[in-house]
Amino acid sequence: MNVELQINNSTNPNAQFVSWAPSPCRIRVTNPAGAAGPNASVKLSSTSATNGGSVGFRSGTTGAFAPTLTLTLPVNGTSVSFFTAGKFGQPSTNEGDVRIEARVGNTMVGAAKVMVRIRKNANALMPGERDRFVAAFAKLNNQGLGRYVDFRNMHIGAGLQQAHGAAGFLPWHRTYILDLERELQAIDPSVALPYWRFDQAAPNIFKPEFMGVSDNLGTVSFANNNPLQFWKTDGQPGVNRRPLFNIAGAPPNPISEAATLALGTNFSQFRTMEGNPHGSAHTSFGGFISSTSTAPRDPLFFLLHCNVDRLWAKWQRQNSRFNPAVVASFNNNNASPVGHRLQDSLWPWNGLTGGPRPPTAPGGTLAPSPIVAAPGLSPFVKDMLDYHGVISPASNMGFDYDDVQL
Amino acid sequence: MAKKLKTAKRTAKKVSSRAAMSVATNVDKTAKQRVAAITSAPLAVVESDKDMQAMLAVLGNTDEPIAVRLAALQALQAASFSVVAFESGRGDYVATLRKVATDPDPELRQRVLGILMRDKDGFAQKKLLDGLKDPAKALVPPEKALQLLSYDVHTDAYEIARDIVKKPPNDDAKREALRLLAADAKAAPIFEKVLRDKKELRANRQIAAAALHSLDPGKLQQQARKILLDKSDYDDIKATSLVALQQFGDDEALGKDKALLKSVKGFSGGKTQAKYKQTARQFLSKYSP
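Order-wise, the sequence lines are chains F and G.
For any residue, its number in the numbering used here is found by taking its place in the first sequence, counting from 1, and adding 6.
For any residue, its number in the numbering used here is found by taking its place in the second sequence, counting from 1, and adding 11.
The hints are simulated quantities; they were obtained by calculation from the structure and are not laboratory data.
Calculated Cβ distances over 12 Å to all of chain G for the following chain F residues:
(1) Asn8
(2) Arg34
(3) Pro44
(4) Ser85
(5) Gly95
(6) Gln96
(7) Thr99
(8) Ala130
(9) Ala264
(10) Asn338
(11) Gln349
(12) Leu358
Examples of chain G residues toward chain F, derived with CB under 10 Å:
(13) Ser51
(14) Ser91
(15) Asp130
(16) Arg190
(17) Ala255
No more than 25 Å apart at the CA atoms, straight line, and that leaves these computed lysine-lysine pairs for DSS-like:
(18) Lys282(G) - Lys297(G)
(19) Lys288(G) - Lys145(F)
(20) Lys286(G) - Lys213(F)
Here the structure is a predicted model, which means the values were calculated and not measured.
Note that CB positions come from ideal geometry on N, CA and C, so glycine has one too.
Model the full assembly from the supplied sequences, consistent with the hints where possible.
So, in structure tokens, the structure goes:
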């Protein structure tokens, strides 16, 4: 007998990825030879490679995940649904490092390799994870052309008013880095955007093999085997970044994670983090990353904003702030600029130009995911809160952080 | 009740920002206290025109301790990310930066010129060009001036950079001149020459590879192949060449290039540094599995 496992209800190789949120799956008998009756009892379990991820299973939409799950499958090929999710605290390091196995008795009748793909602390990445990330990012940069230019052009000029200075700051940047991450995953699906914890020492990030080393002038050099040595923006190769702190430690000005999470339980209080730690993290350097007009020219910018988003995610979990209908989750104010209100669509993914929106909308719609439909191709501010489907499973956007539980 | 609570919280925040600004601008406090106050609430400076003007005054005042002025600059920079709120004060901010661009303190000068140049400021650009033409007028060392000019390159800067590449005052100045020229479409031959010159600093050869990739990617692919076939070239430059081929080359052609694959196979063993052996092995696993 043989069975087929469909992770995220798909056999597409690019869909064999899970996070902490439940992934809907299917299993069906594809070859009934040897079956004793109209149904077969199949037990699901998983094995992990060294440093690999771990998953759990459940049969329905609610309940705890368990290391094994026994399902009754009709041998006529009818699919049976189940759910799998990454086990918190045990993310993958490589594509397919978790094997889901289906057995009848002791006989394996089917298997699927999956990855528990999670955004991790950049300072703690394994060399392989780091190298895959920089290779994908260098490819996306593509001589400062193509899709990368869209990301650069979204965060400049009139676009900055859509992204900064009001309540939409956090939802806008969540969309922005999700769009970028999905483009990276189109190049290498095993990549997740890592974050720079700017309140901790992160010496591994500022190494030639990763984000590069700055000299006294702020010119960044990369290892000869690091593809970021070909990084180019605005027609100019290279990166300028001058740390105004000792990179063996953390920058002194950004407030700590604990202080950020203690800014207040209402979004209106929490969003003051745009100044500190966000702004303070930017201005811990001279060079590209310290000015609004040039910040996306430094690849570190995206790691910084991944941490800003992670802090929001952590605050959301701490205070149960996923539901846009709850006032404390988002301070909706009709007097806010367009793009910063709950019912506003997000520029540039909405394609709107002119009037209160910038004159151009670079990049088109949000990059699609082969795994999830949310937040849609042209999301609204309200769509960006329930990122891993706490309020509605359909809102799951397919990303998670290594230290933020569902 | 809830409305009262909300108002109270808003007032508390304003008081807190108010208190920070009060300490920040109080010359009777120590520099350390003032820096801490400024750092604690960088967005306080955009909460009122008065606060922004006070912070700009601190930044522009040469009698103030330099640590306080640098903190004021950092706070203003952080606040500038709040684009909407900052907009009304942007004109005064730029005017103060231009004033401080000629400040006696070299660190402050350098940071301010950097901020201005990232916004393609014509005043700063002229000052930097003047300094390169006449060292007596230089506000920053030539290598820093070249780096800052690369934010908004014009023909004048290319001419000066070419001269510096020919007769550099120091290694850093040559490197920054090369980086600046990487945006000049006419400079590809310079980079081809630097990339193949084994006597050149290897950091400059690496820059030349990136510049050539930018200006004429086909030429870099040709030169990278030649470097990998050259047994006498350095490991690190070969690694740069391998990355260029693997990341940006024609996969089909590379897979058929027997001479290249043989050479990379040799590079993947022997005395090659371990980290580059790994790069070579990755290349071979992709093109010669």
